Amino acid sequence: MPTRLLLGDEALSQGAIDAGLSAAYAYPGTPSTEITDYAIRSPESQGGRIHCRWTANEKTALEAALGASYAGRRAMASMKHVGLNVAADPFVNAAIAGANGGLIINVADDPSMHSSQNEQDSRLYLEIALIPCIEPSDQQEAYAAPAYAFGLSERSRVPVMIRLTTRLAHSRATIETGDRRSPNEFSLPPDPKRYILLPAIARGSYDDLIARQPDFLAASEESPFNALHEGSDETIGIIACGIALNYVREAFGGDCPHPVLKIGQYPLPLGLLRPLLHRCETIFVFEDGYPYVEGKLRGLDERSKPIVRGRLSGDVPRTGELSPEVVARALRLDAPPVRSASKTPTPRPPALCPGCPHGDTCRALNGALEAQESARIFSDIGCYTLGALPPYSAIDTCVEMGASITMARGASDAGLRPAVALIGDSTFTHSGMTGLLDCVNDGTDLTVVIVDNGTVAMTGGQRSAAESHIRSICIGLGVDPDHVRTIEPLPNRHAENVAILREEIAHPGPSVVIAERECIQTARRRARRSTGGTT
Amino acid sequence: MTRNVILAGVGGQGLLSIAAVLGEAARREGLNLKQAEVHGMAQRGGVVQSHVRFGPGPIHSDLIREGTADLILSLEPMEALRYLPFLAQDGAMVTNSEPFENIPDYPELDSIHEEIRGLPNHRLVDAAALAKTAGSPRAANMVMLGAGSPYLELPEEALITGIRSVFAGKSEEIVETNVRAFRLGRAAPEAEYSGGNA
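Listed in order, the protein sequences are those of chains A and B.
When the letters of the first sequence are read in order and numbered with the numbering used here, they come out as residues 1 to 535.
When the letters of the second sequence are read in order and numbered with the numbering used here, they come out as residues 1 to 198.
The hints are simulated quantities; they were obtained by calculation from the structure and are not laboratory data.
It cannot be assumed that every hint is accurate.
[Unchecked claim] Which residues of chain B face chain A? A few of them, derived with a C-beta cut under 8 Å, are:
hint: 1; residue: A36
hint: 2; residue: E37
hint: 3; residue: G45
hint: 4; residue: Q49
hint: 5; residue: G55
hint: 6; residue: P58
hint: 7; residue: D62
hint: 8; residue: Q89
hint: 9; residue: Y106
hint: 10; residue: P107
hint: 11; residue: P120
None of these values were measured; they are calculated from a predicted model.
Glycine included, C-beta positions come from ideal geometry on N, C-alpha and C.
All chains should be modelled from the sequences, with the hints used to inform the complete structure.
Shown next as structure tokens:
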């Protein structure tokens with residue numbers, strides 16, 4: 001079998017391609033980005049045999065994948081955990097409409113918030129959408145998951161989620177690849193009416209989804225992703241979800257005396273769970289993310305037998321990702337001698353790159369708002385969020401994608417002046433445009449500064465859906481063209497930029513200032529490509 | 001036995017290229033490998049690290065357990081110290097001696113060097129000077145891979161083949177510069193080196 005060295009994200013992507021993928025859509029977001037980066041770079045995509053695209057946001061990605069599935073093709077949408085919030089509407093309703101061609105939704109959670117604003121657990125969405133989910137435990141399973149999930153999706157006419165967490169998404173391993181399956185032919189759904197979710201039809205489709213739940217459970221109980229590994233010491237039973245299995249094995253040095261139930265598919269396989277619950281006095285649950293399985297087992301009375309231990313009982317920290325140490329500590333296993341931490345290193349927070357245009361925009365904003373104590377800058381998700389840190393200390397908020405414009409609008413309505421929003425080009429097209437339309441319709445007094453570096457920079461320079469159309473989008477949404485200004489964020493233009501920002505902040509209505517200069521990283525890469533490259 | 005290596009540095013120093021070469025060399029030797037990386041926000045001039053594990057047997061965890069790293073290989077001296085709890089009692093610390101100062105409160109460099117010299121197995125290397133000799137200051141990462149290579153238990157030729165493979169898309173000159181940098185690092189002056197189990 002051919003072997004390859006792939007990230008978990010890339011293994012999943014290769015697995016989908018080998019399983020007959022026809023279309024992949026995504027909005028970039030750490031730690032999910034490399035799934036679609038890899039698919040786009042693949043020879044299949046470059047040769048036009050599969051259609052892989054970055055989309056405006058996660059909702060448009062999932063809806064496009066649903067449409068491709070409607071047309072009989074195998075399709076996937078990929079996103080980070082908070083992206084699933086954006087795509088929650090199609091996620092829940094696609095479950096009711098169902099799948100024709102196999103439809104998988106890849107969601108990468110980020111416990112410990114390495115590159116995110118929260119550590120929400122996507123498995124909780126399964127409770128709303130009522131669909132199956134695969135959670136691979138290693139890169140080889142990440143490769144195998146799409147073929148299995150596409151099959152399940154087509155057999156059960158339902159979208160299937162594949163859940164990854166950061167450590168698997170961004171860890172490389174050698175994997176064996178398998179045979180290639182041909183993509184599906186174009187075919188329309190045999191029962192097209194179920195895609196019309198009028199209440200009268202949706203009620204029937206929803207009943208049908210409920211009626212298929214026992215099938216999903218049976219699939220879990222027979223799944224190759226779930227397995228009960230017997231152990232001689234049944235005083236303790238261990239449940240390990242996804243990559244937690246590896247930490248359990250590591251903590252025991254590969255030789256665990258207790259029975260271990262590996263969970264890699266949901267709904268929870270009750271048939272495999274029950275014997276463990278009956279035989280063991282204590283059950284340890286190790287899962288990255290929320291205490292999802294632990295909460296289900298523990299019920300309302302935590303004293304009921306067996307005793308369930310995990311994040312809720314305090315044996316595992318309530319927040320943060322798992323590690324071999326966390327698992328070993330919970331099980332009170334021997335640890336190797338560990339040196340004390342050095343007191344010398346100081347924190348080294350991420351920072352804007354030297355020469356980054358956002359730095360010049362932050363300085364210009366600080367200059368324009370100097371001595372205006374009540375001014376607030378509502379910002380957004382992107383590299384410019386680092387403008388919160390010294391030496392800029394330029395922004396006051398960062399909550400979620402698009403919230404800059406809408407929060408500034410509400411604060412302006414409530415009397416805050418000057419109200420300024422700071423948002424990137426790609427975040428603006430992701431979910432800032434609708435908020436600006438609200439401002440135009442309401443004549444809101446605010447200034448929206450759109451930092452247009454021509455790329456999705458934080459995730460590595462993916463194509464921005466804005467495609468240099470920011471000015472025409474703003475005018476199209478109804479902003480007065482006289483108050484859609486453009487500046488070039490450069491140190492030698494500082495005075496001019498401060499003056500333009502002051503004028504537009506003084507304007508008593510919605511105004512937009514576009515700070516337009518290419519990302520220093522993409523500019524450097526482009527220069528390197530054109531000169532033949534250096535290291 | 002599984003080899004556990006922590007790679008440390010600052011975003012932009014070329015740490016992931018070292019990880020890629022190690023991965024390629026281990027794969028070519030027919031070893032199992034797991035290598036956890038940091039992507040996304042932290043890469044912007046912040047702390048970056050990678051856990052690399054390889055060996056003939058099964059490798060379970062993607063993360064190295066504290067107290068079990070055979071080698072901390074760092075592109076920056078303060079960053080090397082950040083991962084001290086991971087270093088095994090007989091593990092080695094190999095680090096670039098030159099600081100990367102992009103923060104206002106960078107500690108006293110002498111005290112950093114002194115703390116590193118206090119470890120039984122250490123090697124401080126002036127990577128910038130050797131990279132310049134090799135032909136490009138950007139090859140400092142390959143100098144450090146060379147300096148750490150005696151502790152990897154991988155054949156020198158496998159690592160060089162790994163370098164050629166990872167930089168295959170670049171010009172022949174760049175490939176040779178990186179191979180030279182690796183060799184210079186491997187043979188780096190050992191004035192600071194106090195022996196060890198390599």
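### Task
Return the status of the interface hint for E37 (chain B): holds when the least beta-carbon distance to chain A is below 8 Å, violated otherwise.
E37 (chain B) check passes; min Cβ-Cβ to chain A is 5 Å, inside 8 Å.
#### Entry: Restraint outcome when Y106 (chain B) is required to lie within 8 Å of chain A by C-beta distance
holds (7 Å)
### Query
Is the hint on P120 (chain B) kept, meaning its closest Cβ partner in chain A is under 8 Å away?
Since the shortest Cβ distance to chain A is 11 Å, the answer is violated.
### Query
When the nearest CB of chain A is found for G55 (chain B), is that gap smaller than 8 Å?
Since chain A brings no Cβ nearer than about 12 Å to G55 (chain B), farther than 8 Å, the hint is violated.
### Message
Hint validation: P107 (chain B) versus chain A, beta carbon distance must be below 8 Å. Holds or violated?
### Response
Where the cut-off is 8 Å and the nearest Cβ of chain A is about 5 Å from P107 (chain B), the hint holds.
### Message
Quick check on Q89 (chain B) please, does its C-beta sit within 8 Å of some C-beta on chain A?
### Response
holds (6 Å)
### Minimum beta-carbon distance criterion (8 Å), G45 (chain B) to chain A
At 4 Å from the nearest chain A Cβ, G45 (chain B) passes the 8 Å test, so the hint holds.
### Query
At a threshold of 8 Å, is the proposed contact between A36 (chain B) and chain A supported by beta-carbon distances?
holds (4 Å)
### chain A contact restraint on Q49 (chain B) - CB to CB distance below 8 Å
violated (11 Å)
### Query
Would the hint on D62 (chain B) stand, with a C-beta cut-off of 8 Å toward chain A?
Given a least distance of 4 Å, the restraint on D62 (chain B) holds.
### Task
So, P58 (chain B) near chain A? Judge it on the closest CB pair being under 8 Å.
holds (7 Å)
In summary, the numbered hints that this structure violates are 4, 5, 11.
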